[in-house]
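Novice: Please model the entire structure based on the sequences and the hints provided.
Take a look at the letters that make up each chain.
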Amino acid sequence: MSKLTLTTEGDTHVVVTRRFSAPPELVYRAHTEPALLQQWLLGPEGWTMPVCIMEARPGGRIRYEWSDGNGNGFHITGEVLEAVTSTRLKHVERMHLPDPTPDNHVETQFALDGEGTLMTMRMTLPDEETRTMMLATGMEHGMEASYARLESLHHAMKVWITQR
Amino acid sequence: MFMLYNIYIMILADAAFFALADSTRRAILVRLAQGDATVAELKEPFAISQPAVSRHLKVLEAAGLISRRAQGASRPCHLEAKGFESIDRWLSTMRETMELNFTRLDNVLQQMPSTAPTSC
Chain C
128 MSKLTLTTEG DTHVVVTRRF SAPPELVYRA HTEPALLQQW LLGPEGWTMP
178 VCIMEARPGG RIRYEWSDGN GNGFHITGEV LEAVTSTRLK HVERMHLPDP
228 TPDNHVETQF ALDGEGTLMT MRMTLPDEET RTMMLATGME HGMEASYARL
278 ESLHHAMKVW ITQR
Chain R
131 MFMLYNIYIM ILADAAFFAL ADSTRRAILV RLAQGDATVA ELKEPFAISQ
181 PAVSRHLKVL EAAGLISRRA QGASRPCHLE AKGFESIDRW LSTMRETMEL
231 NFTRLDNVLQ QMPSTAPTSC
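Protein sequences, first through last, are from chains C and R. For the first sequence, our numbering gives the first residue as 128, with consecutive numbering after it. For the second sequence, our numbering gives the first residue as 131, with consecutive numbering after it.
Hint data in this document are derived by calculation from the structure and do not stem from the laboratory. It is possible that part of the hints are untrue.
Stated by the list, open to error - Just a few of them, taken from the derived set where beta-carbon distance is under 7 Å, the chain C residues facing chain R:
| hint | residue |
| --- | --- |
| 1 | 131 |
| 2 | 133 |
| 3 | 144 |
| 4 | 145 |
| 5 | 149 |
| 6 | 153 |
| 7 | 157 |
| 8 | 163 |
| 9 | 167 |
| 10 | 168 |
| 11 | 170 |
Ideal Cβ positions, reconstructed from N, Cα and C, are used throughout, including at glycine.
Specialist: Right, here's the structure in full:
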């Protein structure tokens, strides 16, 4: 079983690597074709992805919606910045709670590794200024409802993970 | 994606990341790891004002990384180890979720024909 590595780079980035035995062409397709994304980008068992829009070209649209089948769900939107077939994807995304969260910049590289693929994903955490702003104003301006929703989602996920 | 969801659990669940993103605050935590200290004692190594130190302590306290006993004018600060748990929890939740997704992806990839036409 291929092992995932997850590290933080300072307090601004998270870097994830994962090796797949399939070649980059297929791993890239699995990240860019909705019919394939809907089969794996799901989170805990029991969740589905009723909406999956992914236009893998610069300026292309991203919209993913997830549901646990019990009325819990959320969605993200985003834009593709760069899409080099079988090689690299760059995009931005944000959650809607329903207020949009700050943009998260993600760069995903697909590198040939023997006969398989080494995938490297680099995500940008919100910068200190953004986090300061969110922490300072979010509470004052009634993000409680959004936070409560996040907590209930987090709880639903944790309950599933501990029951696995 | 769930990775982003987990990032917002990080923001939601803890001001700890923010608290740790400052070298003065990190140095304060190192000092407190050696034992409780008052605000005046904590200020000593730094060329900043007492109000500035107090602001840093407020951030650390809001993040649950330190606690302060109300003991008159000199309120000793205490390192709270459980404040660091939220970061670990976020990282492990993210890791678990991604491992689930990638295990599924392994299965999806296995079922794909190896010479498939690509559409650009």
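Novice: Now tell me, hint by hint, if it's right for this structure.
Specialist: Hint check:
About 5 Å separates the beta-carbon of residue 131 (chain C) from the nearest beta-carbon of chain R, less than 7 Å, and the hint is met. The criterion of a C-beta within 7 Å of any C-beta in chain R is met by residue 133 (chain C), whose closest approach is roughly 5 Å, and the hint holds. Given hint, residue 144 (chain C) at the interface with chain R, is violated; its Cβ is 11 Å from that chain's nearest Cβ, farther than 7 Å. For residue 145 (chain C), the interface hint holds, since its Cβ comes within 7 Å of a Cβ in chain R; the closest pair sits about 5 Å apart.
With 7 Å as the threshold, the beta carbon of residue 149 (chain C) comes within range of chain R, its nearest partner Cβ sitting at about 4 Å, so the hint holds. Interface restraint check for residue 153 (chain C): the shortest CB-CB distance to chain R comes to about 5 Å, inside 7 Å, so the restraint holds. Because the smallest distance between the Cβ of residue 157 (chain C) and any Cβ of chain R comes to about 6 Å, under 7 Å, the interface hint for this residue holds. For residue 163 (chain C), the suggested interface contact is upheld, since its CB lies about 6 Å from the closest CB of chain R, less than 7 Å.
Taking 7 Å as the C-beta cut-off, the interface hint given for residue 167 (chain C) holds, the closest approach to chain R being about 4 Å. This hint holds: residue 168 (chain C) has a C-beta 6 Å from the nearest C-beta of chain R, less than the 7 Å allowed. Annotation: interface hint on residue 170 (chain C) holds; nearest CB of chain R at approximately 5 Å, less than 7 Å.
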